[in-house]
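**Student:** What follows is the residue order along each chain.
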Amino acid sequence: MACPPAAHPSPERQPSVKVILASADVQRVVDRIAHQILEKTQGAADTVLLGIPTRGAPLARRLAARISTFEDVDVPVGVLDITLYRDDLRRHATRAVGPTQLPPGGIDGKRVVLVDDVLFSGRTVRAALDALNDVGRPASVQLAVLVDRGHRELPIRADYVGKNIPTALAESVKVTLVETDGADEVRLCGGTR
Amino acid sequence: MTAYLIKNVSVVGGAPTDLLIRDGVVAETGRGLDAPDAAVVDGSGLVALPGLVDLHTHLREPGREDAETVESGSRAAALGGYTAVCAMANTSPVADTAGVVEQVWRLGRQAGLVDVQPIGAVTVGLAGERLAELGAMADSPARVRIFSDDGHCVADPKLMRRALEYVKAFDGIIAQHAEEPRLTEGAQMHEGEVSTRLGLTGWPAVAEEAIIARDVLLAEHVGSRLHVCHVSTAGSVEVLRQAKARGVRVTAEVTPHHLLLTDEVVAGRGALASPGLGVDWSPTASYDPVFKVNPPLRTGTDVAALRAALAEGVIDVVATDHAPHAVEDKECEWAYARPGMLGLETALSIALDVLGPRWDLIADRMSRTPARIAGLDGHGLDPAPGVPANLTLVDPAARRVVEPAELASRSRNTPYARMTLPGRIVATFLRGEPTVLDGKAVK
Amino acid sequence: MIRHLLSGGDLDAGTATEILDTAAEMATVAGREVKKLPALRGRTVVNLFYEDSTRTRISFEAAAKRLSADVINFSAKGSSVTKGESLKDTALTLQAMGADAVVVRHPASGAPHRLANWLDGSVVNAGDGTHEHPTQALLDAYTMRARLGRLAGLHVAIVGDVLHSRVARSNVLLLSTLGAKVTLVGPPTLIPVDWAARAGVGSAATDADPGTDVCYDLDAVLPGVDVVMMLRVQRERMNDSYFPSAREYARRYGLDGPRLRRLPEHAIVMHPGPMNRGMEITPEVADSPRSTIVEQVANGVSVRMAVLYLLLGGNNR
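Protein chains in written order, with this note's numbering: chain A, 79 to 271; chain B, 429 to 871; chain C, 10 to 326.
In short, the hints are calculated from the structure, not lab data. Ideal Cβ positions, reconstructed from N, Cα and C, are used throughout, including at glycine. Errors might be hidden in some of the hints.
[Claimed, not checked] On the chain C side, residues computed to face chain B include the following (Cβ under 7 Å): (1) T24; (2) S118; (3) G119; (4) R123; (5) G138; (6) T198; (7) P201; (8) A205; (9) R260.
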């Protein structure tokens, strides 16, 4: 997933890099998802946001912060590491296990909104649903993603989508966030554009 | 009987000359010899040594013919340049009677590849309790002169004293396996940094040194000859040096493996204590029982002291302690493996590494002195007119990679696998008959 | 990524820390309703035990099962081992059965290393002779870190039969890798001679091994340590003249109430178990709140889960 920085336009025949969402766009999209969550959950009552590492975790915190700004509601936030539930563990060298942090009130009987940066094959979400099943019994589960790039391999869809980006399989979508990478941006890399 | 004319060979490192071998003896020497009936062997670049003599060989027959037989061990010896080997007594049954030593002696004659000189046990069943019938073995056709409980130490000081005294009657010699048994209970390897790290019970150097110190004092007291088997520590060298300075009649041997390998190999590290060898060699695994031997491989300091002592003459002899073991006795846990290594087919290479190209020293440490200690007439004599033609031809320039499967021994437990060693035995003659020609066994 | 865990020395600081961090995540599973993770589904772990050690075997079994691995227990009793099958033949059998990992406990030092030559799968040393027991060292380090918050800079006294202790060997290697200082304490007969010579008894640590020194006086060491790890002393050693009597041993090297009070307030007491109460440790000390003996058992499962996951959780060939 090597993706050269967009600031330096690549010469001809190099893999192309296109900025899909700039910093301000990312802010706007997060705000919109926060509004949608409030709307669809009747004010985020009994709702818990669980970010999927790596970038789902800061996104979940941002959503919670925006919800709190808009409606003065404190939505519990947690992190759900799905490493041990992945279906591709044997295709790679052993992956490091990250922390799972559930909010103090737990998730039993709550509406859990899983948060991730990119929705692609759906396998990560499948792993997250399995992980969720082992840590508690939520009343319902929803999914919020910054980008949906298509190419689903499982019957999974998002409840909240920041931006739909039609992509070719050869392309990659790279999300960077201030918290993890120093800047907010979504780029589309590779392919023949 | 075919005559052989060896052309342009260096006798013990001297200027090239010709050797004519006829009727079992060296018939003539000198440049430009001509003998139309003789088979000609090109000796250019080769060195002729008196046939090597091993004071310490385990031939395993009778009892463990799956590991080695007198015949297979004799062939390995011939390929290693030997014309005589002394067969250790720890067979099954133990060579503690005239009957067993005579059997081994006859098997050696039948094989006809080297002279097999049986060593008799000092004590019945190697049990260290009462003397075996040493005189009967000495008087048998096997004419036993060396007695040893090798593998076991004659630990009881009174018994050791009696043995040293008793064999004087027939000019015998006791070859002691110096190991204080109470200090080596359960011992698995040299006691030191590596044994601590590997959690293997240590075999302390002092267990060898204490027995050698005791035995040289006993030998001095009763005026007997003592031979010390497989000396392995720097401390033992010092004990021997002092004893020899006092005039004690003690001789000592060192094995090739104690001249080259250190205890680090047990931990799976490449650690050859030779300036010239082993740069590209390292063991393939840790705890590999192919490196288990008794006495154990010691430290680099010990190896350096042994190499110096051999050159100096404090240690008199290189003896192989050739100890074949069946695969199942080595392909197992370290603690359950039997101790011992093959040595006959590689000994000269390691002597070359230590002493080469000082051919006179090599002839001394590997042929003349061991033949004298064992009382083997006709062996250990430099090729000269009238001398029995027991000799071997060495190509010092050759290099070879040791492949266990290519060895003539029935067993494969060589510690030198994949190592590149200097020198190659081209031919060996036993009383004028070739046992090895072109580097291959004749029969 | 390492393929086998044979020695505490196999781990560099990064890998060791990764195991401890992973173990911390694995520990949260113990508190859940569903104490199971799917990470090793379809993998086969064989517990190959040539010595009775129910606690270690159960700990590995629980760890493997919590990760959804299939577990086969193969004990020397009641198997072909007692009929004299060689370790190599056993290895070939396990290989044919598709073992992905073999956890081996064996009375001969180095047996796991031999096994690793004959198997394609991973080998975990669960204690070999008087050599090592690396997962015990990992769970000890985990326990220290959990109780004291760090490992770097800690001063750990390991007390007792160091000579025959696989726990001590693994701990010395691992703790020095992780920056702790170790003092070995015991009668000189039970300290390996070269460690005593190298470290310089009673003096500061040397260049040869900056992390380890040796002291024969337990009382002199106690006021300055963060951790006291008591080793099991077998009474049989007494019959082999390592020390004159159990009573004398307990008096000189046993941890009792008065000695416990000489420790700094934050210091903890560890024991790998099983304990000889009244020999190396008194019941008062063993049951005190500063003793971590029960925690160590619980942490053992988490640490072994982490080890099995790191060895088998990916494609590390």
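**Student:** Next, verify each hint and record whether it holds.
**Tutor:** Here's how the hints hold up against the structure:
1. Interface restraint check for C:T24: the shortest CB-CB distance to chain B comes to about 19 Å, outside 7 Å, so the restraint is violated.
2. With a least beta-carbon distance of about 4 Å to chain B, the hint placing C:S118 at the interface is held under the 7 Å criterion.
3. Annotation: C:G119 was flagged as interfacial toward chain B, and the flag holds, the nearest CB pair being 3 Å apart, inside 7 Å.
4. The criterion of a C-beta within 7 Å of any C-beta in chain B is met by C:R123, whose closest approach is roughly 6 Å, and the hint holds.
5. For C:G138, the interface hint holds, since its Cβ comes within 7 Å of a Cβ in chain B; the closest pair sits about 6 Å apart.
6. Of the supplied interface hints, the one on C:T198 is violated, with its beta-carbon coming no nearer than about 13 Å to a beta-carbon of chain B, more than 7 Å.
7. Satisfaction of the interface hint for C:P201 is found here, the shortest Cβ-Cβ separation to chain B being roughly 4 Å, below the 7 Å cut-off.
8. Because the smallest distance between the Cβ of C:A205 and any Cβ of chain B comes to about 10 Å, over 7 Å, the interface hint for this residue is violated.
9. The criterion of a C-beta within 7 Å of any C-beta in chain B is not met by C:R260, whose closest approach is roughly 27 Å, and the hint is violated.
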